[in-house]
Amino acid sequence: MQCIIIILQVMSGNYYIGDYSILRNRQVIQGGEVIFESRENKPVSFFTEVYKHFGLNYPRFYKMDNLCKLGFLCAELLLKDKQIQQLYPAGETGIILFNAASSLDTDRNHQQSISSRLDYFPSPSVFVYTLANIVIGEICIRHKIFGEGTFLIEEKFNPSRMFSYVRQLLNDDIVKCCLTGWIELDGDQIDGIMVLVEKTAPDPDRIAIFDPGILTKIYSQIS
Amino acid sequence: MRKVYVVSDNIITSLGFTAENNLAALEAGQTGIRLHEDEQMSPSPFWASLVDLNSLNDRFSAYADPDQYTRFEKLIICSIQDAIKNTSVSLTGEKTLFILSTTKGNIDLLDPKHGARFEESRLYLWNTAQLLQRFFRLHHRPWVVSNACISGVLAVIIGKRLIGSGEFDHVVVTGADLVNEFVLSGFNSFLSLCPGPCKPFDADRQGLSLGEGSGTIILSADRNLSEDHGKIIVGPGFSNNDANHISGPSRTGEGLYMTIRRTMENTGRKINFISAHGTATPFNDEMESIAITRAGLQNIPVNSFKGYWGHTLGAAGIIESVAGIGSIRHNRLFRTLGFSRSGVTHPIAVIDETKEYQTDTILKIASGFGGCNASLLFYRS
Numbered sequence: 004m005q006c007i008i009i010i011l012q013v014m015s016g017n018y019y020i021g022d023y024s025i026l027r028n029r030q031v032i033q034g035g036e037v038i039f040e041s042r043e044n045k046p047v048s049f050f051t052e053v054y055k056h057f058g059l060n061y062p063r064f065y066k067m068d069n070l071c072k073l074g075f076l077c078a079e080l081l082l083k084d085k086q087i088q089q090l091y092p093a094g095e096t097g098i099i100l101f102n103a104a105s106s107l108d109t110d111r112n113h114q115q116s117i118s119s120r121l122d123y124f125p126s127p128s129v130f131v132y133t134l135a136n137i138v139i140g141e142i143c144i145r146h147k148i149f150g151e152g153t154f155l156i157e158e159k160f161n162p163s164r165m166f167s168y169v170r171q172l173l174n175d176d177i178v179k180c181c182l183t184g185w186i187e188l189d190g191d192q193i194d195g196i197m198v199l200v201e202k203t204a205p206d207p208d209r210i211a212i213f214d215p216g217i218l219t220k221i222y223s224q225i226s
Numbered sequence: 003m004r005k006v007y008v009v010s011d012n013i014i015t016s017l018g019f020t021a022e023n024n025l026a027a028l029e030a031g032q033t034g035i036r037l038h039e040d041e042q043m044s045p046s047p048f049w050a051s052l053v054d055l056n057s058l059n060d061r062f063s064a065y066a067d068p069d070q071y072t073r074f075e076k077l078i079i080c081s082i083q084d085a086i087k088n089t090s091v092s093l094t095g096e097k098t099l100f101i102l103s104t105t106k107g108n109i110d111l112l113d114p115k116h117g118a119r120f121e122e123s124r125l126y127l128w129n130t131a132q133l134l135q136r137f138f139r140l141h142h143r144p145w146v147v148s149n150a151c152i153s154g155v156l157a158v159i160i161g162k163r164l165i166g167s168g169e170f171d172h173v174v175v176t177g178a179d180l181v182n183e184f185v186l187s188g189f190n191s192f193l194s195l196c197p198g199p200c201k202p203f204d205a206d207r208q209g210l211s212l213g214e215g216s217g218t219i220i221l222s223a224d225r226n227l228s229e230d231h232g233k234i235i236v237g238p239g240f241s242n243n244d245a246n247h248i249s250g251p252s253r254t255g256e257g258l259y260m261t262i263r264r265t266m267e268n269t270g271r272k273i274n275f276i277s278a279h280g281t282a283t284p285f286n287d288e289m290e291s292i293a294i295t296r297a298g299l300q301n302i303p304v305n306s307f308k309g310y311w312g313h314t315l316g317a318a319g320i321i322e323s324v325a326g327i328g329s330i331r332h333n334r335l336f337r338t339l340g341f342s343r344s345g346v347t348h349p350i351a352v353i354d355e356t357k358e359y360q361t362d363t364i365l366k367i368a369s370g371f372g373g374c375n376a377s378l379l380f381y382r383s
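So the protein lines, in turn, are chains A and B.
The first sequence lines up with residues 4 to 226 when you count with the numbering used here.
The second sequence lines up with residues 3 to 383 when you count with the numbering used here.
Derived from the structure by calculation, the hints contain no laboratory data.
Ideal Cβ positions, reconstructed from N, Cα and C, are used throughout, including at glycine.
Take these hints with a grain of salt, some might be off.
[Stated by the list, open to error] Straight-line distance between alpha carbons at most 27 Å, and here's what the computed DSSO-like set of lysine-lysine pairs gives:
(1) A/Lys55 <-> A/Lys85
(2) A/Lys179 <-> B/Lys233
(3) A/Lys179 <-> A/Lys220
(4) A/Lys66 <-> A/Lys45
(5) B/Lys272 <-> B/Lys233
(6) A/Lys159 <-> B/Lys97
[Claimed, not checked] If we take Cβ atoms under 7 Å as the criterion, some of the chain B residues that face chain A in the derived model are:
(7) Leu112
(8) His116
(9) Ser187
(10) Ser191
(11) Gln208
(12) Ser249
(13) Cys374
Bound-form chain A, shown alone (with noise of 0.2 Å):
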């Protein structure tokens, strides 16, 4: 299997991971080095603790569900100072992300307002965010890509699914680059990752090599 693997890749050319970003338990990585550390064990709080830190201006945020704002906070960070909308045509970036536990965190608050007939308040704006793949909407109309967008579940971040599906969008030409990652939110739980792929070397001295060796390097840092 792994020799099938380079063999392709040799075949079809490398893809690079230019940068990545990852908000996990209360911290926020990238670049290998932890950038914000926070107190707060909520991660509603957290959350808004992060966008306040690093100056973010997006009052939609405010309205997120938890697994939006996570996302929404991973992408906002890996693309702060990148032009992709002037980069790649809108239609021609993807949003491939995974996660284990979908909309849980938002669909236990549906169901509570709908448990009792004698309380029962189900809620338009609560009903919205029970579908994972409302992470993908935030983060395509806050950056304007109209691309090739899918939510998928997995039981653990799947550094060789994740690899195998991006490296076959970029393969067949379905996208010029990529966001993917695993960003997941059980509870209090919050384990987000997101890396940039692209076709072509952004930054000659900070480039990787796309391939699932990196994706669990990138996940398995130990912060």
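With chain A held as given, fit chain B onto it using these hints.
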């Protein structure tokens, strides 16, 4: 890139447990959308298309104990079991992959009325993938696509690409979703449920009807694994985002237009029939009429199947692709049940009578919350 064939399929809805039964119901113009009164599912009566639980359990008991599996799992397993009857694709082989498409899976287990009998982990969609792997002794853990109402179309697109590139030889794409209190209350809070069977593209349309069901399409690089020796080929398919709104479609149909245009650029074939998403909400149908017109397809016959079995969410793309393939197999176009007078600003060729029609190439389109859109081509070899 290798050709990808549809070698078998299935549909399970209120109208039947096989693709043939469902096609017969389309031919007869039957709807499975009825008024239900069930205090456990909704405080007020509701219109929906529901699969009869006793019939489902009867069927399922041929494979395993119905008490040990959830309603969602039984729908998926029965659909796969029926589809694999007609092909000799090896399910357990190293080059076979399953892809599961669903929006909410076992979400009804969040309610203690349904969930008390099962462990909490059963709620997670990866758990369903694990269960399928055990049940069918699969070499690989199934992929799970959960991407709102385009999940089914997207799952077929992914399966097609994975065979095209040679990574797999056979892909079993299966999808299911339930009608339960969770989704009924949610769509109700959006005021998007129709007080009666839905009326896609009609001037009097008042919203969607929910439906439950499952569907399966088995794809293969080997045309000889099908009973018809590879009559149906899966063409190009793409998805694009509107980048505009999370709960409403783009007013210009941008994402859907982009995906249709890309699909057309990647084929030399003339499209004979469009199976639209056609949920019968005012915004969706209007947006589709705009995108179809922008793509220059306003004179191509178009229908929505939602009036027959409702909106089956994560299963819709699969169920409606199978029904669309039925149009190629039988050279028949099925009318848009519930439609009588056009209610979209861009006139499109909504099919209002079931009739014979030379159908070689079909376009399946879908759109969903999160601004997602997908389109996919099937054609006769």
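Violations among the numbered hints, reported as their numbers in ascending order:
When the structure is compared with the hints, numbers 2, 8, 11 turn out to be violated.
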